[in-house]
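Letter by letter, the chains look like this.
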Amino acid sequence: MKLTRPPRWGILLLLATTLLFSIPLIWMVLSSLKPAGQLVENPYSLLPESWQWSNYSEALDSMPYLVYLANSLLLCTGTVIGSVLSCSLVAYGFARLRWRGRRLLFGILIATMLLPWHVTMIPRFLLFRELGWYNHLTALIAPTFLGDAFFIFLLRQFFLSIPEELSEAARLDGLGEWGIFWKIILPLSKPALATVALFQFIATWNDFGGPLLYLNDPDRFPLAYGLEQFVSSYSDQTHLLMAAAVLFTLPVIVLFLFTQRTFLRGISTAGLKQ
Amino acid sequence: MQKSLRTWFMMALPLVLAGSLATLAWITRPQSGIPEGREEVVFWHFWGGSDRAVVEDIVDRFNHSQEQYHVRAVAMPGNNLDMKMFLAVTGGDPPDLINQDDPIVADWAHRGALMPLEEIATEEEVRQLEDWLFPAARELGSYQGRLYGLCNGLDIRALYYNRAIIRERTGQPAPERLESIEQLDELATACVLREEGRLTSLGYLPDPRRLWAWGVVFGGRFTDESGKVTCDDPEIVQALQWMVRYRERWGADTLAAFRQGDQSLPGKTFPLLAGRYAIVMDGQWRVRDIPADRSGEFGVWPLPPPAGRTRQAEGWVNGNLFLVPRGCRTPRGAWEFMKFWSGFGGKEAEAARTCSQGGWIPPSQQVVDQPQFQQYLRENPLFARFVQLAAGDQVPTPVIPGARMYYREVNQAAERALYTDNPADAGSLLEAAAHKVQQHLDRIGGRREEP
Amino acid sequence: MPDPRRRKSRRGRSAGWLFISPWLLGLLVLFIFPFFASLYWSFCRYDLLSSPEWIGTEHYQRIAAEIWNGDGFGNALWNTLYYAALSVPLSIITAVLLAVMLSWRIRGQAIFRTLFFLPSIIPLVASSILWLWLLDPQDGLVNHVLGWFGAPPQLWFQGTHEAAHPGTMLEFGSKDALVLMSTWGVGNFMLIYLAALGDVPPQLYEAAALDGAGRGRRFWHVTLPMLSPLILFNLVLGLIKSFQAFTQVYLVSEGTGEPVGSTLLLSLHLFLAAFQDLEMGYTSAMAWLLFIVLFIATILLFRSSRHWVHYRTSLGG
Chain A
131 MKLTRPPRWG
141 ILLLLATTLL
151 FSIPLIWMVL
161 SSLKPAGQLV
171 ENPYSLLPES
181 WQWSNYSEAL
191 DSMPYLVYLA
201 NSLLLCTGTV
211 IGSVLSCSLV
221 AYGFARLRWR
231 GRRLLFGILI
241 ATMLLPWHVT
251 MIPRFLLFRE
261 LGWYNHLTAL
271 IAPTFLGDAF
281 FIFLLRQFFL
291 SIPEELSEAA
301 RLDGLGEWGI
311 FWKIILPLSK
321 PALATVALFQ
331 FIATWNDFGG
341 PLLYLNDPDR
351 FPLAYGLEQF
361 VSSYSDQTHL
371 LMAAAVLFTL
381 PVIVLFLFTQ
391 RTFLRGISTA
401 GLKQ
Chain B
34 MQKSLRTWFM
44 MALPLVLAGS
54 LATLAWITRP
64 QSGIPEGREE
74 VVFWHFWGGS
84 DRAVVEDIVD
94 RFNHSQEQYH
104 VRAVAMPGNN
114 LDMKMFLAVT
124 GGDPPDLINQ
134 DDPIVADWAH
144 RGALMPLEEI
154 ATEEEVRQLE
164 DWLFPAAREL
174 GSYQGRLYGL
184 CNGLDIRALY
194 YNRAIIRERT
204 GQPAPERLES
214 IEQLDELATA
224 CVLREEGRLT
234 SLGYLPDPRR
244 LWAWGVVFGG
254 RFTDESGKVT
264 CDDPEIVQAL
274 QWMVRYRERW
284 GADTLAAFRQ
294 GDQSLPGKTF
304 PLLAGRYAIV
314 MDGQWRVRDI
324 PADRSGEFGV
334 WPLPPPAGRT
344 RQAEGWVNGN
354 LFLVPRGCRT
364 PRGAWEFMKF
374 WSGFGGKEAE
384 AARTCSQGGW
394 IPPSQQVVDQ
404 PQFQQYLREN
414 PLFARFVQLA
424 AGDQVPTPVI
434 PGARMYYREV
444 NQAAERALYT
454 DNPADAGSLL
464 EAAAHKVQQH
474 LDRIGGRREE
484 P
Chain C
3 MPDPRRRKSR
13 RGRSAGWLFI
23 SPWLLGLLVL
33 FIFPFFASLY
43 WSFCRYDLLS
53 SPEWIGTEHY
63 QRIAAEIWNG
73 DGFGNALWNT
83 LYYAALSVPL
93 SIITAVLLAV
103 MLSWRIRGQA
113 IFRTLFFLPS
123 IIPLVASSIL
133 WLWLLDPQDG
143 LVNHVLGWFG
153 APPQLWFQGT
163 HEAAHPGTML
173 EFGSKDALVL
183 MSTWGVGNFM
193 LIYLAALGDV
203 PPQLYEAAAL
213 DGAGRGRRFW
223 HVTLPMLSPL
233 ILFNLVLGLI
243 KSFQAFTQVY
253 LVSEGTGEPV
263 GSTLLLSLHL
273 FLAAFQDLEM
283 GYTSAMAWLL
293 FIVLFIATIL
303 LFRSSRHWVH
313 YRTSLGG
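Residue numbers (the numbering used here), protein chains in the order written: chain A, 131 to 404; chain B, 34 to 484; chain C, 3 to 319.
Next up, chain A with everything else stripped away, as it sits in the complex (with noise of 0.2 Å):
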């Protein structure tokens, strides 16, 4: 894109704002890498009198760390799964297909994406009891493989750019929908397929409300709630609960760090639909 020239004081007030932005991350990677004693003594001082790189030990044995890893990307790994596949499907039938009623339903759609989750919190959860999924992360993996709005809406509008020519030419072919799907419209959507799974892995990563509300085994906790209970217990131990917060972050930043284009394609494409 065409960039501007910046007013004379542009670079200053730029880079006084990165700081500004920044300085939450960095005090917080510093604070967990500070001695105790510090940090109640002399709180405000920059770097670490001694760089503790044991207080990260510590909290990794405070708490059941790798249990939760484990069912963090397995929820990731089953979400993952449930959204590319579930979105996929319903966008092709939106995007690609004539049939009387798409346009309200889609319609409905976008309307559900402007429901409060109140409305619906206590019916899911009675649902969800009486199938047996409570305590189980079934729970927080199966509503995925049954769409959601953002992700569908995302790829719809992807779909939507890819030529109608090339679905006739396999439908002469003799090509039923189902071929075109799988054969044409997902190899071409390989990037947007990405994004969706980009977005779900950290929604899921970062997700606390659905395992507060469906799991109580400590033994199936992922990572965001444990961490919450980790907060729980070690309240007054700034540094640990720094040292968490960071081993919580850091994998979502080198997720993203390796991932930039995917995700600033997808935001744009999100924004710009009107």
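What the hints contain is simulated information worked out from the structure, not anything from laboratory work.
Relax, there's no trap hidden among the hints.
One-sided and incomplete, this derived list gives chain B residues near chain A with beta-carbon spacing under 8 Å: (1) 51; (2) 52; (3) 54; (4) 81; (5) 107; (6) 117; (7) 120; (8) 121; (9) 123; (10) 124; (11) 125; (12) 126; (13) 299; (14) 301.
Yeah, the Cβ is synthetic: ideal placement off N, Cα and C, and Gly gets one too.
Given chain A's structure and the hints, the job is docking chains B and C onto it.
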């Protein structure tokens, strides 16, 4: 086709990696296997830190003492333990036993979420149990005449005082007992310390959350026989007015500042140890915070009533209760474990050992009388003072539905009275609280208790 | 031979329904059923352990009383409105300004962009922990820095003040802390604005410059109108998101809404009413009212948009 396959592979790779990592970690996680032939008893508790080791020791001893059940202790830290419990019960997968110290017995029993003990043990056993317990312990776990919870430890509060500071600031040794609350007031004023014009230490400062204790010591009751909410009882209002006199003397800002300072002491130090006060009301668990080399510095007084009144009650009591959720899988296993821990049914000696280890006040005189526990009391005279109080007339937070809301409302009324300048007077604040809680009670009352 | 067009459309129809069937199932089970179930329960007393018991409009009456008295639902509603009224505009302003800065021709924009964006993907659990530490009244960095400018230490998460409230002007309390947290995480919308900025036809700027408009006027009269559809989008989504804020509200108050109910936003209040007080009926009534309020607010926003949102005509865009 080749290229397409490769790109699919590249996309699937991270997923496969994550999945295998997850599976690997899952398989290699420390297994808490159940020995063959035993039924699992899931036990939720909130003890952390050093207490957790004690809990695990008790669980081990129980598991080794019999072959039918295997208890798995799950540490559920944090507040909202009751919320998680409730989610579990309504979700259909509750633990078999839960240890709780919040006043929720009535709420849970009222809604049929708890199993009364008579459904798990025989009537005869339950009656024996009721005789075996301290009156306070029994009351804590009873709702509408039925025992729902087995108390495993009482929490008693009294006044800790610092002999050294009192001698230093009043020029006289601390009295062996307080005759009246007016004596407390005198000491409170006499022990004030100012440094460079700023107040750095007060003799005593009432905590608004302890209106529950002072209210009953003044002779009031927070509920009457019919279960009606009576926190606007004249005696309780008097107790709050007594507290308010401290605000009038020092100002709301000072009180708030001191309270704030107490809460932000590093490592949650006991404010008495930090020298911020000469006298502090707190529970028996604080005894462990006092280092051995300083224990001679401190003493414990029971709560004194206003002059001229005979004490109506010793104080306010809470405790830890074992509760059995309805719908759990192994209630009898829970019962066996409960008995083992608390000492009922012949296990008093074991329980004496448990309570000495954990520094807990047993729920029954029979455990207190055990030689091992008597030895522990001799070694910990401060703690012994609390245990002496346990047999007396200790009043628990009313065991009524909405007890937690009641607790919150009274505390908020008291906080408002103490920490804001020119609030409404004590009487109207408490009246408003009573009204609100009574409304809530009426709304949820009148519903069936039988499931 | 049947008409090929008709055959295609018939096939399209059944295939269409088949393809969207996962979502349809979800719609039924996760939206329609809950929608009507909670409507029904809002007229009942229900605790999930026994069957619902019809009590008519009692819950709604209670909510009305609470709004009047300013406690319970009324308190939660106020907290949420305060939070939304501050955080949504602030977020939009911040996001737009950041996007404008990122659209300048300065070296290393990719790095700046990353640094601005990162906070928005940090898990809310982690950032809540971080901000609890940063805004600690005694040891937090923010109060320390404020001290350099002579400002007294603020209570942030431990205070019930409301900085925008006339009584406690500029005394920052728990809700203000939440607003601050939300402003830090505007990264994703910033990117959307950035992309939109790139779509603004340069001719518009040139024309404005020729008319003598300075940098500020160009921003106000060209950039903002061009961004206005997105701003509307952001307003609506931001409003809904702020009404649904849960994780950070739970974390910073440890699930209690302390101090003294100042962080009891609607979602936490509903959650506690449901699973701590066992009042499913009351919760359902509140959820429904919430839905209606948001619905009306959204419609109002869209209506008002006619006056200030400038939709692109075919002006070379």
